[in-house]
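A.B. asks: Spelled out, the chains give:
2 protein chains.
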Amino acid sequence: MSFRNFKMVDYVVFGRGAFNQLDEILAPRRKADAPMIFLVDHFFQGKPLAERVPLRGKDEIIFADVTYEPKTTQVDALANSLKEKFGTVSGVIGIGGGSTMDLAKAVSLMMNNPGSSADYQGWDLVKQPGVYKAGIPTLSGTGAEVSRTTVLTGPTRKLGMNSDFTPFDQIVLDPELTKDAPVNQRFYTGMDCYIHCIESLEGTYLNEFSKSYGEKALQLCQKVFVDKDYWDDESDDQLMMASYAGGMSIAYSQVGVAHAVSYGLSYLLGTKHGIGNCIVMNYLEEYYPAGVKEFKYMVEKNKIEIPEGICKGLTDEQFDTMINVSLGMKPLWENALGKDWEKIMTREKLRKLYEKL
Amino acid sequence: MSFRNFKMVDYVVFGRGAFNQLDEILAPRRKADAPMIFLVDHFFQGKPLAERVPLRGKDEIIFADVTYEPKTTQVDALANSLKEKFGTVSGVIGIGGGSTMDLAKAVSLMMNNPGSSADYQGWDLVKQPGVYKAGIPTLSGTGAEVSRTTVLTGPTRKLGMNSDFTPFDQIVLDPELTKDAPVNQRFYTGMDCYIHCIESLEGTYLNEFSKSYGEKALQLCQKVFVDKDYWDDESDDQLMMASYAGGMSIAYSQVGVAHAVSYGLSYLLGTKHGIGNCIVMNYLEEYYPAGVKEFKYMVEKNKIEIPEGICKGLTDEQFDTMINVSLGMKPLWENALGKDWEKIMTREKLRKLYEKL
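Heads up: the sequence lines are chains A and B, in that order.
Note that our numbering numbers the first sequence so that position 251 is 251, with each residue one more than the last.
Note that our numbering numbers the second sequence so that position 218 is 218, with each residue one more than the last.
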């Protein structure tokens, strides 16, 4: 098809305190005594949110270690242990940031698809719907709550299980849940949204659908990080909508230079997505002059420290690995620099960029 | 639930020429030899669009007379004739403006629900999903393509079949299809979106979800009808996105005075929704001063004539009918004027407003 037929999330509830409706939302999705599995970011272990999870019957909370971004091995281990213990489950509910969202989507899919999640890294390889899955973000910015992918690091590549079966059946957008996010983390994740908007709005792929969503997401990020001198409930509301709109805007757009370069960092060094994008954005004046200027203003205004010198002392071989991973993201480069991108972004030029980071 | 759990349309495709993908989109939805039924606005009878409908097997085009807004009797007659002729159908595809969208949704539901569509006018009375249904707007503004209702005039009331089964399974947003819409009609329908945004953004019900969508829809309407001196492809793109965003914004917001008063007109006089809202908006300076000023500017700039004097010569009984219908729309009035709306909008005051129209 010339235009992607975009699979939407089935149900969305947005509201301060909407998390309290979770029990009622899940009730009709319970199948006999098969449990609901709540995959919760380990950040919440021992915190009040964990107490509020509406457990019934054999339901379980599994605290997911998302220190590193999700791996196919982690997905497979989780799905296999659930199958062994319960046969099947009523659903998988992800509560956390983008990594937890992606983990929940992937585990849901692997409950009903044979083999390893690594077999499904790519486009439209998933053939069976997963079990019921819901996403409840506690950090705003990645847009993972509405995306049709789930970024996973596998044995040979970092790539998502992109399919129409991947989006959540339900998302619960409760801005109260993002209130206690660590300030740095909140900024990095918010910047994932901001940078993505700059990349897509200045890219060569775009239509009015993605433009409308991208412009709205960008405007909301600016309200939160540029216009305001303090953080309040409205900031949480707005950043949550920015994340949602940013995620929707991906339907007919593509990210660009920051994401392409950042993928190399995360592959080699395990740099997390949000902070990785920030590290790269700092040096992209040549490609996004206005966006980088505003980005630096936000960094300063919000008193954030962006790590420097993370590529210091890497070997030629390591640089080559990053360059290979990055240049492999062809659609991102084409979106950013046009059809002739290979003439513009040579290996030498990219090496120089990595050396600065 | 405190916050509505909003059922989204399942699939969205947006793009100039996306209509050409319809055959491919419908293929996996076909069940044995049960036909797809294309309900097409009678405006397209003999026009090129009708020739482009991808008919297969026993598929049929039914041209729907939408001179008046859809009635429950019309829905029942259509569904019954399809049942008689085919037993069941693979799907119902609506191609047209808001009335055609609503008709298609209602007929799809009545293929699988017993009795008359009048039995389901209200909230969550529909108990069975309909047959597959898709909406393809050829006019932008009503937001019917994403709403969970289908406004129908029944024997005792004008009210939708509001339910989670009501939204389309698929919408095809192809701005090329709105290109040849009559200028007046395009304006009235566009103003339905504009007025709705003014009403919801200035109302007392609102949260960041609906505000974000409402602001975007309003801004797109302004780009099209205020900022620009000509109509081009981009105008069609933008107005189509305005309609979509305006429809989404209804999730956690409500319309207001213009809609409440306009419902009385349409009940008594059959005034169509878009033009009815315009007739009323012309006299609402007291409630929406900035919006009405801008509305009048758009009317003048786009050289539109808004009918005047349509209530001239009505009897007291007729005025009473309109007043009763209008004051029955309690949530609309409460949204516009607050909890104490009944003290503000008295029968006398509303009568005076109707007399001006």
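Simulated from the structure, these hints should not be mistaken for laboratory data.
These numbers were taken from a predicted model, which means no experiment stands behind them.
Misleading hints may appear alongside valid ones.
When chains are identical, the list treats them as one kind, so a pair holds in a single copy or across two.
Simulated crosslink set (BS3-like; lysine-lysine; CA at most 25 Å straight-line) [what the hints assert, rightly or not]:
(1) Lys211 - Lys223
(2) Lys211 - Lys7
(3) Lys179 - Lys211
(4) Lys31 - Lys127
A.B. asks: All hints are to be evaluated individually against the structure, with a verdict given for each.
C.D. replies: Consistency of the hints with the structure:
With identical chains, the CA atoms of Lys211 and Lys223 are at most 25 Å apart both within one copy (18 Å) and between copies (14 Å). Taking the closest pair of Cα atoms, Lys211 and Lys7 come within 25 Å of each other both inside a single copy (18 Å) and across two copies (24 Å). Proximity of Lys179 to Lys211 under the C-alpha cut-off of 25 Å is restricted to the inter-copy arrangement: shortest distance 20 Å between copies versus 29 Å within a copy. In this assembly of identical chains, Lys31 and Lys127 lie within 25 Å of each other by CA distance both inside one copy and across copies; the values are 22 Å within and 20 Å between.
Figure legend: structure checked against the earlier numbered hints; every hint is met.
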